[in-house]
Each structure stands twice: as structure tokens, then as C-alpha cells.
Amino acid sequence: MNNPYIVLPVIFQLLTSVLLMFFWYRVNAQRLITIICSIISVGIATWLFKEVYQNGILTMQAGEWQAPFGITFVADLFSTTMVLLTAISGMAVGIFSTGSIRNARLKFGYFPILNFLLMGLHGAFLTGDIFNLYVWFEIIIIASFVLITIGGEKAQIEGAIKYVTMNLLASAIFLTAIAILYGLAGSLNMADLSIQVAEIENRGLVNVVAILFLVGFGIKSAIFPLYFWLPASYHTPPPAISAVFGGLLTKVGVYALLRIFTLIFIPDEFLGNLLIVLACMTILSGGLGAILQVNMRKIFSYLIVCHIGFMLAGLGIYTELAIMGAIFYLIHDIIVKTNLFLASGLIFKLKGTLNIEKLGGLYKKYPKFSLLIAIPLFSLAGIPPLSGFWAKVFLIEGGYKENEWMLIGFIILGSFLTLWVIAKLWSEVFWKDAVDLPKKINVKYFHELKPFKRWAMVIPIILLAGTSLYIGLAAEHIIVLSKQIAAELINPTAYLDAVLGIKSQTP
Amino acid sequence: MELILVVIIGLLYASGIYMMLRRSMVKLIIGLILLGNGANMLIFLLGRIVKGKPPIIDSTAKMLTEIYADPVPQALILTAIVISFGLQSFAIILVKRAYKITQTDDLDELNTTDEIYE
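Residue numbers (our numbering), protein chains in the order written: chain W, 1 to 507; chain E, 1 to 118.
Isolated chain E, as found in the complex (with noise of 0.2 Å):
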């Protein structure tokens, strides 16, 4: 199971990263959000994966006694989750724009910022 989360957390990162370089706005935003899911798995991956032990205590014990499936990575994630949708959905409204006000697709041809001398 890790073996394969680590193999697919790779491939996130590295392809996430890939499609950034790419010259395309589109191909940007699934390299930003293939990067996000890939930081999402990671916090899966190095909480620790424990199956079917979910963290609750006996009504009998006072404690947790056993190895536990650690509750933390996950709310974090799901707050990586929300957090990276609304700033997903953020930058695709963005490109859109762009695209219709520029007519272009194409990242270099971006550089009216560099032309304002005014």
C-alpha cells in the first residue's frame, strides 16, 4: 500500500510539475492542481497508514492502547482540500479571462507587464 502511494505521489509531482513548464495557461492550472492532490496524498502517506483501527476509545478504557490510525493528517487534508478548491477554482476564472482578453493561449505571449512605461 505505501509502495504504491509513494509511486503515485511521485508521478503527481512530477507530472503536476511538468504540465507547470508546459507554455499552455490550461496545462498550468491541471499541473497546479495535480501538485495540490500530490501534497494531499503526501500528508496521507507520512501520517502514517493504519487499517480499520479508527482512533476511538472502549466506553471501558480511559485510554487508546493500541497503534491507532492517527486522525490529525486527515483533517489537515481535508482543509488542504477545501483550501486548494477555492484557489483551483480562483485560477481557472482567471485563465478563462485571460484567454478571452488576450486571445492567446500561449504563457509567453504574456508580457504586456513589461511593456507599461506609463
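Next comes chain W alone, as it looks inside the complex (with noise of 0.2 Å):
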């Protein structure tokens, strides 16, 4: 069957960054088209999550050609799922910018180039073969060059160059793993190549090929010890910035792990261990690199590394449980470390810093505020019933039913650390009695704003709070949609059937 609407949400966000470029130079042109085609692709977004979620996998065969020799593109419902969370996160970033980037940015292409990224995300997420994957992420990664230096402060330079090599440095190692991996089974499409790679009798040079795989993915999602690049960068660009790579561009790797690795490279015992140490140490040293820091992004960026470890346990651990519980976790970090980033800017824009030594009193000044950011730091830290916790609980269980007693250990560690690192946080920036702070000339303060941008800042974040919110109290509905992932994920015949047809039913 071929359902060529299932790239709509690609073409849609293509279509989009055209269209601004043609208002280059109109900023508030480019504000309003931004809100109306975010809205929009949610709007695509849930109707394609709709459909899958009723009608099982969808597949598009790109100009008819028949799988394994086109260009597939894939529709199940982990894919669904990450469209629909990006197009989420992008809506509330997209929102957010019209209130929070300057017009010196804006006329720099900011807006285009975000879309650009979105429209590399649904990509990422939807097609079936291995190269195109490549160029997914190629398009995902030139985009987020030209956001993160956009502005050419010195910091972000300096950050850029960092973000910049490690990135063309995980793109040449995933350029390699696909290589040899076309050297060794003959097909690009990822459901052929899971009946092909099962099927090489050399499987040293598999695993050499899956090390490569998960070095290049390693690098992009910041998992020990390769996650160096991330707390370098990612407090530097402008609030909004760091946001949408928070929420999503790490999380994109994390998605191509979780694919690789229950599609084509089933974990053996080495690479299953290998996984559950990288986890243990990418949580350890996420933790305490959070506790250390007081830049607050600087904070989230440590918490970031930290939280994909629990991801990357439940994919170590391998059974349907543990999956599942790394797919809700996916789900509730994706919108909760992007609410965290919005939230950091508009703390930035009413006090002027994100020193949490200097900030202080926000509670008693603004306690509306403060209450409405309490929902994102709590979920983080997993206290029940937030988002956070359904996750944890589930990670948990899936480890104690294979006897990973050292994984539970660190995760019940890292959870510990998170919640420490939130407590200081809340305690320093929220409870604190205020310091007057010297005005910065060049900090546009909040109540300077008109009250168009004041609401682009804080509307934003309410929908992200209010996503979170719904993760954690109707869980039930989450959970239903995380087993039914993690079942298709384990036992990938519906996903093979849907692409190969009705080869795969003659082996």
C-alpha cells in the first residue's frame, strides 16, 4: 500500500520555510506566519498520529519503486509519536521566539532555519532506509549549525565550534557504519536489512558495525563518554535555541538507537552490558556535573545528559518492559526539558541572569510564575503522580524482573541526584530573598516588553506544562501508547510485513 500523505508533515514545514523566506526581512510578518503553520502542523500531526493509532503501520514507497530498492518511508507508531512531539515542541518554540528573539536575529533567516530543522526532525522520524536517515540527520545538523552561531556572540562562536566538529565527527563514523553495513547485507531499507543482518554469518564484523552505529548515535543523543560537546554548547544561543535542541536533538539520536537496536542489531550479551555501563556512567556523570554547575542552563544541559542515561538503560535491559518505560520517559523528557529552556529565558528576561547564586525571591514576587515552572522542575525530578515518576517506575520494574541490580542502583542514584539538583534550584532561585541586581543595558527586560511579546513568552510554556501535566495525571493513556510501542518494537513483524509486503511472509 502506498500512503504518500504520510509525508505531510515533512512537505508542510518545507513549505513553511519557503514561505517566510519570501517576508526575509518582514519580521512581524514572519511572527504571525510562524504561529498560524506551527499550530497547523500540529494540527497534521495528531490527525497522522490519529490515523496510524487506528490503522496500524503506513508506508510510502517514494516514486512507487517497491521496498527493499526505493526510498521508504515509515509511519508506525514510535515515529507517529516523535512527530507529534515535535511538532509540539516546535509550536511552543516557535511561539516563544516571536516574543523572545531579537529582530536582528529574525532578519538573519531565524525562523526559516528552525522550520528547516523541524522539517529534518519529521524526516528523521519517518523514513525507513539507512541513508536517508543520514541525510535527515545531515539536514537537522546543518540547520542547527546556523542556529546555534546565529547571532555570532563569542560564546556561541566558541560553543559552535565544539557542537560543530563532534557532530561532522559522528556524521563521518555514521557514514562509515553504513558503508561497511552496505558492504556486508547489499540493502539500505531498514527492514530488509533486519532479515539480512540476521542472516551474515561473520558476526564480529556486525558488531563492529553496531559499535559504530551506536559511537555515531552515542555522540549526537550524549551518552558517556561521548557527551562532552553538549554542556559546552548548548547554554550559549538564545533561550529558545537551546530549548528546541534540549527537547529534541538529543532525543533524535536516542530514537535512532532505539530503532538500530531493535530492528537491525539485536543487542547480544556484550552489547547489551556495554549499554546497561554506558547508562550507569552517562546518569552518574550527568549528575554530578548537574550538581556542580549555577549557570541554570548550564544545569538543565548536565540534567539532559543525565535523563538520556535512563533512556538508554531501558533499551540495555531489552525486554518489552524496560522499552516500554524508555519510550514514556522519551515522551515525558521531549516536553519537559523544552518547557525547562523556555522557562530559563523568561527567568532570564525578568531578572537579567541565570546565576542561581544571584537570582532569588521569584516566589514572592511572582508567585503565579513560579507555581506554573514548579510543574517542569517536579515532573524532572519524578515526584509523584508528575510525568516524571510513571517513567522511573517502569525503568525500575523492568530492571528488577532481569536482576539489574546495578542499573536500579544508578537509577535510584541519578532520580536522588535530579531531585537534589531541583531542591537547591528551588530552594536558591524561588525561596532566596532577593539581591538587587545591577540593570544590564543590554537585557530587554520582561515588563519592557509589549504585552503581545510578554504573552508569546508565557503562553508557550503554560501549553508545555499543561502537556506534562496530562503525561503524568493521565498516565494510563501514555502507558497504553508506550506498551503498544514497545510491543511493535520488540516483535517488529507488523513493522516488516507493513514495508517488504509479502516477502517477508515466505522466508
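Accuracy of the hints is not assured; some may be wrong.
Said to hold, decoys possible - One side only, chain E facing chain W, incomplete, derived with CB under 10 Å:
#1 7
#2 10
#3 13
#4 25
#5 35
#6 38
#7 39
#8 42
#9 72
#10 87
#11 88
#12 100
#13 102
#14 114
#15 115
Don't read these hints as lab results, they were simulated from the structure.
Predicted, not measured: the structure shown is a model, and the values here were computed from it.
Glycine included, C-beta positions come from ideal geometry on N, C-alpha and C.
Using the hints, put the two chains back together into the complex; each one sits in its own frame.
What follows is the structure in C-alpha cells.
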């Protein structure tokens, strides 16, 4: 079956970017188009999600070239969920940007590039071809390069050097892995590879390719010991950009890991243990890093690293329950991390600094806003019944059933470190008495902004906080969804059938 | 032919990584370029090298019966070259810009990002 409409999210983002480019210097028109188009984009993603949820996996063969010869796009439940989350975060960041990003940056094509980035993300989630995945990754990184450098401040450029180098290295390793895989299996279609790779006798070489993929995606998703570029660069661009990076870019690496290691390379004992050890070290190093920092965005950057470990842990245990926990965590994390970076942007606009030692008294002065930020902060720490709690319950239960005591210990340690950091943050930023800060000339404070811009910065945070609350309080729905995704990942027959059609029925 | 390519690819990867580990930003870019070229050659090699057998079906035949050169790796390399061209030109401009702002070519000096406490 050919369902060409499943690439609609990609096409729509492309058209949005092109449309925005016609209004290069007219920033107000760009703001309007971004808001409208990002809302439509969420609509499209929701509709696609509903279609796939009701009808099962949909595929598209580009140019009617049957798989495995053509480029395949596959919309299964995992990819459409990711597309939906991307659209929601994209909308929040888009609206936030209309209020927080300066005109000087907007006139250098901020919005078109942001939409190209979202296009790349949608494409990476929907594609069913490994080389096509590489191309989407390149689209994502080139768009993110522009976003991280736009404005050209000293710290931005220095952060960008680290970010660009590590991403280019990751791409080179990813390409190497694809080359060897093609030499081994003679195919690029992920479903076809799933069958071919299982039949290869030279398991040693297959493991080498698996490790190459692990390193390539590991750099992108910032797992231990490949994460050093992340805390060195994510706090340098404007908060809206950090939000889209922190919420989505590392998660696309996690998505690719989950996809590749459930479909193509089923982890054997060695790989499973390796993943578990890496997960433990990622949790530990991210958590310890976060404790030491005083810059709020840097704290969040380290917490990204820490929580990547949780998702990796689910993959390492490799049971349906554990993967379900990882998926739940992924869903929760995208929304919460985006929200936290947006909130840090708002705090910067309120106080003119993000140093938690200098901040203070926010709760006294802005009680409603503080309660709003409490939602993502406490969800991140996993305080029941908020969203982070449920995911960890399933991860720990998954580890318990497989007797992975070390991993459970590290997950609990990671949760504890997160809670510690969040508690410190809360008491320093919100409860401590306010200190008089010198007024900065180059910062436009929140109360100096026009009402439209103020609302544009608050509404996305409310929206995302609402989504987190939904994930936490209506966890049943998310549990059903992640259970189904995990079942599809562990047993990919439905995926293979949908992509390859009759071929897989005659082994 | 294969043996020469294997040696060249190995050298490209090794020198690419070596260059990236140096402290100079220009050498970093050279390293990335060498590494990218090594990856492209690797795709070419692993697509199996067949001389003088283009994958063109005779007008009298229905399908290819003999061994032929696989066109897919070449398409992949072409795509990869175009992509790496774009990324590398961006990286070169970035390094130039960084040099202008920081007045140094030494990667160890780039630690402003660790000193942002605001």
C-alpha cells in the first residue's frame, strides 16, 4: 500500500520555510506565519498519529519503487508519536521565539531555519531507509549549526566550534557504519536489513558495525563518554534555540538508537551489558555535573545528559517493560526539557541573569509564574504523580525483573541527584531572598516588552506545562501507547510486513 | 586495486583523526575533510569494484545476467560529497569567524563557554 500523505508533516514544514523566506526582512509577517503554521503543523501531526493509531503502520514507497529498492517512508506508532511531540515542542518554541528573539536575529533567517530543523526532525522520524536517515541527520545538523551561531556572540561561536566538530565526526562515523553495513548486507532499507543482518555469518563484523552505530548516535545523543560537547555548547545560544536543541536534538539520537538496536542489531549479551554500563556512567556523570554548576542553563544541560542515561538503560535491559519505560521517559523528557529551557529564558528576561547564586525571591514576586515552573521542575525530578515518576517506575520494574541491580541502583541515584539539583535550584532561585541586581543595558527586561511579546513567552510554557500534567495525570493513556510502541519494537514483524509486503511471509 | 584503496582509506582515516586531535583549528578542518573523504572511498570500495561493466541492460535482454558495477554506492557517494561540501564550507567560515573574534588558532584557548555564570 502506498500512502503518500504520510510525508505531509515534512512537506508542510518545507513549504512553511519557503514561505517564510519570502518575508525575509518583514519580521512581523514572519512571526504571524510561524504561529499559524506551527499550529497547523500540530494539527497535521495529530491527524497522522490518529490515522496510524487506528489503521496500523502506513508506508510510502518513493516513486512507487517497491521496497527494498526505493526509499521508504514508514509511519509506525513510534515515529508518529515522535512527530507529534516534535510538532508540539516546535510550536511552543516557535511561539516563544516570536516574543524572545531579537529582530536582528530574525532578519538573518531565524524562522526559516527553525522550520528547516523541524522538517529534518520529521523526516528523520518517518524514514525507513538508513541512508535517508543519514541525509535527514545532515539536514538537522546544518540547520542547528546556523541556529547555534546566529547572532555571532563570542561564546556562541566558541560553543559552535565544539558542537560542529563533534557532529561532523559523528556523521563521518555514521557514514562509515552505513558503508560497512552496505558492504555486508547489500541493502539500505531498514526492514530489509533487519532480515539480511540476521543471516550474516560474520558476527564479528556485524558487532563492529553495531558499535560504530552506537558511537555515531552516541555522540549525537550525548551518552557517556561522548557527551562533553553538550554542556559546552547548549547554554550559549538564545534560550529558545537551547530549548529546541535540548528537547529534540539529543532525542533524535535516542530515537535512532532505539530503532537501530531493536530492528537491525538485536543486542547480544556483550552489547546489552555495554549499553547498561554506558547508561550507568551517563546517569552518574550527568548528575554529578549538574550539582557543580551555577548557571541554570548549564545545570539543565547536564540534566539532559543524566536523563539520556535512563532511556539508554531501557534499551540495555531489552525487555518489553523496560523499553516501554524508556519510551515513556522519552515522551515525558521531550516536553519537560523544552519547557525548562523556555522557562530559563523567561527567568533571564525577568532578572537579567541565570546565575542561581544571584537569583532569588522569584516566588515572592511572581507566585503564579513560580507555580507554573514548578510543574516541569518537579516532573523532571519525578515527584508523583507528575510525569517523570511513572517512567522511572517502569524502568525500575523492568530492571528488577531482569535482576539488573546495579542499573536500578544507578537509576535511583540519578533520580536522587536530579531531586537534589532541583531542590537546590528551587530554594536558590525561588525561595531565597532577592538580591538587588545591577540593571543591564543590553538586556530587554520582561516588563519593558510589549504585551504581545509577554504573552508569546508565557503561553508556550503554559501549553507545555499542561502537556506534562496530562502525561502525568492521565498516565494510563501514555502507558497504553508506550506499551504498544514497545511491543512493536520488540517484535518488528508488523513493521517488516508493512514495508516489505508479501516478501516477508515467505522466508 | 582493492589493496591500494584499502591502504589509502586507512591512511585517510588515520591522518584525519590525527589532524583532529591537534590543537590548531585549521588542522581540525583538514582532519574533518580527510575523514569525510575516507568515508566516501570506503563506500566506493565496499560497493565492490567491477571494471568496465556498467549496469546497462541490452536492448535484447530483459535483465542483467553478468556481473555489473553496483550504481547504488556511487549515488550514495555523490550525495555524501554534496552534503560534506556544504558542511565543510560552513565549518571553514565558522573557523575563520572564530579566529577573528578570539584572535587565536589554539583550541585550548576556547574556554569562554565554561566561564559563563550569568
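Status of the hints after comparison with the structure:
{"no.": "1", "hint": "7", "verdict": "violated, 17 Å"}
{"no.": "2", "hint": "10", "verdict": "violated, 12 Å"}
{"no.": "3", "hint": "13", "verdict": "holds, 8 Å"}
{"no.": "4", "hint": "25", "verdict": "holds, 7 Å"}
{"no.": "5", "hint": "35", "verdict": "holds, 5 Å"}
{"no.": "6", "hint": "38", "verdict": "holds, 8 Å"}
{"no.": "7", "hint": "39", "verdict": "holds, 4 Å"}
{"no.": "8", "hint": "42", "verdict": "holds, 4 Å"}
{"no.": "9", "hint": "72", "verdict": "holds, 7 Å"}
{"no.": "10", "hint": "87", "verdict": "holds, 6 Å"}
{"no.": "11", "hint": "88", "verdict": "holds, 8 Å"}
{"no.": "12", "hint": "100", "verdict": "holds, 9 Å"}
{"no.": "13", "hint": "102", "verdict": "holds, 7 Å"}
{"no.": "14", "hint": "114", "verdict": "holds, 7 Å"}
{"no.": "15", "hint": "115", "verdict": "holds, 9 Å"}
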